[in-house]
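Participant: What follows is each chain in one-letter form.
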Amino acid sequence: MTAARLWRWAAWVLTAVIAVYLVAPMAIVVIISFSDSALLTFPPPGLSLRWYRSLADTPAWRDAILVSLEIMVITAAIATALGTAAAIGLASWRGPLAVAVRSLLMAPLVVPHIISGAAIFLLFDSWGWVGSMHALVFGHTALALPYVVATVGAALETYDRRLDQAALTLGASPRVAFLRITLPLISPGILAGLLFAAMLSFDELIVSLFLSTPQLRTVTVLMWSNVFGDINPEISAIATVILLVSMTLLALQWVLSRRRGPSVMPGLGR
Amino acid sequence: MAVVFALPVGALLMRSASDPVWGLQNFRSLWEEPVYASLIRNTVQISLATTIGCILLAYPFAHVMATQPRLTRLLTLVVLIPFWSSILVRSFAWMVLLQNNGIINESLLWLGVIGQPLELIFNRTGVLIGMVHVLLPFVVFPLYGSIRAMDPALMPAAACLGAGPVRAFLRVQLPLTLPGLATGAVLVFVMALGFFITPALLGGRRDAVIARMIQLQVSQLGDWGMAATLSLVLLVATLLLLGASQLLVRSPARRVAE
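Those protein sequence lines, which keep their order, are chains A and B. Every number in the numbering used here is 29 more than the matching position in the first sequence, counting from 1. Every number in the numbering used here is 9 more than the matching position in the second sequence, counting from 1.
The hints are simulated quantities; they were obtained by calculation from the structure and are not laboratory data. Ideal Cβ placement from N, Cα and C applies to all residues, glycine included. Among the clues, some could well be false.
[What the hints assert, rightly or not] Short derived list, chain B residues pointing at chain A, Cβ under 7 Å:
| hint | residue |
| --- | --- |
| 1 | 18 |
| 2 | 72 |
| 3 | 90 |
| 4 | 105 |
| 5 | 174 |
| 6 | 220 |
| 7 | 227 |
[What the hints assert, rightly or not] Across the chosen pairs, the derived CB separations fall in these ranges:
| hint | chain 1 | residue 1 | chain 2 | residue 2 | range |
| --- | --- | --- | --- | --- | --- |
| 8 | A | 49 | B | 57 | 18 to 28 Å |
| 9 | A | 53 | B | 118 | 11 to 21 Å |
| 10 | A | 33 | B | 185 | 12 to 22 Å |
| 11 | B | 37 | A | 46 | 41 to 51 Å |
| 12 | B | 76 | A | 49 | 19 to 29 Å |
| 13 | A | 283 | B | 47 | 40 to 50 Å |
Modelling step: build the complete structure from the supplied sequences, incorporating the hints.
Facilitator: Dropping the structure here:
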């Protein structure tokens, strides 16, 4: 039994070390962003908000954050609407064509983003779209759709189709049956998809890198172009802002899943 | 969707045989020029090492997460926080931690463990530390599912029957959780093959990977033919591995069902 206890003890210590490994880097970046020094020393010699002030005073950062937020909201809305419609359509559609459509919709999950990015750039460049808001929105929507299709599809799988029939039998029109019965019951799946789409869009770098220009770029693209220079606490501050958005979305997802158990969506191809 | 995604990917891949002129010249240079051979070797080596690292770290973590109900929620959150964070932010965080006067080197110097800063960044070490960090959740989650699905009485039963902890683990728990482990490992390997951000930030300038080269060919060299050829290789490898893993994971279940 002592050997077993030793193993268990080792697993505990290792787990604690891994937990620190997983969370500490982000925590340290957040703390450094409040430094009053121009160096990335840890712990910071003193605390201040000077790097956040410098972010707010730099139009390029301000614009980039606003662009990213705008793209996130529009992408999440379009991807959720299209993805929900697609999932509902696919749920009752059988046959080889349905399989083909489903594979096509899910493809961006599997194809490495660098390939998606280059391919989408190729297309949008020939249309003269590069550097436009709608190019970024469509690019992000293509990447976000499979997440919505998957979460709504999962919600539909547990949904009892006989409820529709019951509603129709009781005199509801198909529209009313959908709005009053189906939609509320699959809404957790729709919301989860919405949050995933928002997260994906806000954090997205690779496709945005291809579609951005110095006149229109997302916050991740601007951060990327700064990371190769002299890294300073200002970049930590922007990293913290990006983290704040991600963590808000995670918190919403966490509250949402409390009643249903954590749902986890692996995203491929990053 | 067909327009925004499938068509351009097809058009991109076409260029492997059509750019700058029709023919197989791009595939020939892929085969003949040593720079591409080393590119593919680097990518496979980094992906393999990342996968092994993820498996080694994910197992004890998922085990504690699955067998200690009081810790499950906390540990889930510990995995979900990095999982939902931007890869760019996470790779940047490692740049801060791993640099010569970063926290890790400073602490080790202060402790007197090392006499001069270790080279932790802009090389393989940095890439692996960063990539395992980014990809670890993809093994933890399926593995957690597998361990949870195991009958909790099995390990005590094995111990009762005289198996030591190592033997019980190797003969009972490992085979039962292998599908979850394999699912996660293949996922990590495939994703690592296409990784771009982390190797670009933490890797050495000469230690390039496929994805980085694709971006370089497109945005700086304008060599669409070679970018397309590399994309084709990457995509085919990705699809083959994912397809094979699907068959692999399904087959034991099918055998039981028959």
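Participant: Against each hint, give a clear statement of whether it holds in the structure.
Facilitator: Do the hints match the structure? See the list:
Contact between residue 18 of chain B and chain A, as hinted, is supported at the beta carbon level, the nearest pair being about 4 Å apart and thus within 7 Å. The beta carbon of residue 72 of chain B comes within 6 Å of a beta carbon in chain A, closer than 7 Å, and the hint placing it at the interface holds. Checking residue 90 of chain B against chain A by beta carbon gives a least distance of about 6 Å; that is within 7 Å, so the hint holds. Checking residue 105 of chain B against chain A: minimum C-beta separation of about 5 Å stays under 7 Å; hint holds.
Below 7 Å, beta-carbon pairs count as interface contacts, and residue 174 of chain B has one with chain A at about 5 Å; its hint therefore holds. Hint status for residue 220 of chain B relative to chain A: holds, with the closest Cβ pair at about 4 Å, below 7 Å. Because the beta carbon of residue 227 of chain B sits about 5 Å from the nearest beta carbon in chain A, less than 7 Å, this interface hint is met. About 26 Å separates the C-beta atoms of residue 49 of chain A and residue 57 of chain B, a value consistent with the hinted range of 18 to 28 Å.
At about 19 Å, the CB distance of residue 53 of chain A to residue 118 of chain B agrees with the hint of 11 to 21 Å. Checked against the given bound of 12 to 22 Å, the beta carbons of residue 33 of chain A and residue 185 of chain B, roughly 18 Å apart, stay inside it. The hinted range of 41 to 51 Å is satisfied by residue 37 of chain B and residue 46 of chain A, whose Cβ atoms lie roughly 49 Å apart. For the pair residue 76 of chain B and residue 49 of chain A, the beta carbons lie near 20 Å from each other, so the given range of 19 to 29 Å is met.
Here the CB-CB span from residue 283 of chain A to residue 47 of chain B is close to 44 Å, well matched to the stated 40 to 50 Å.
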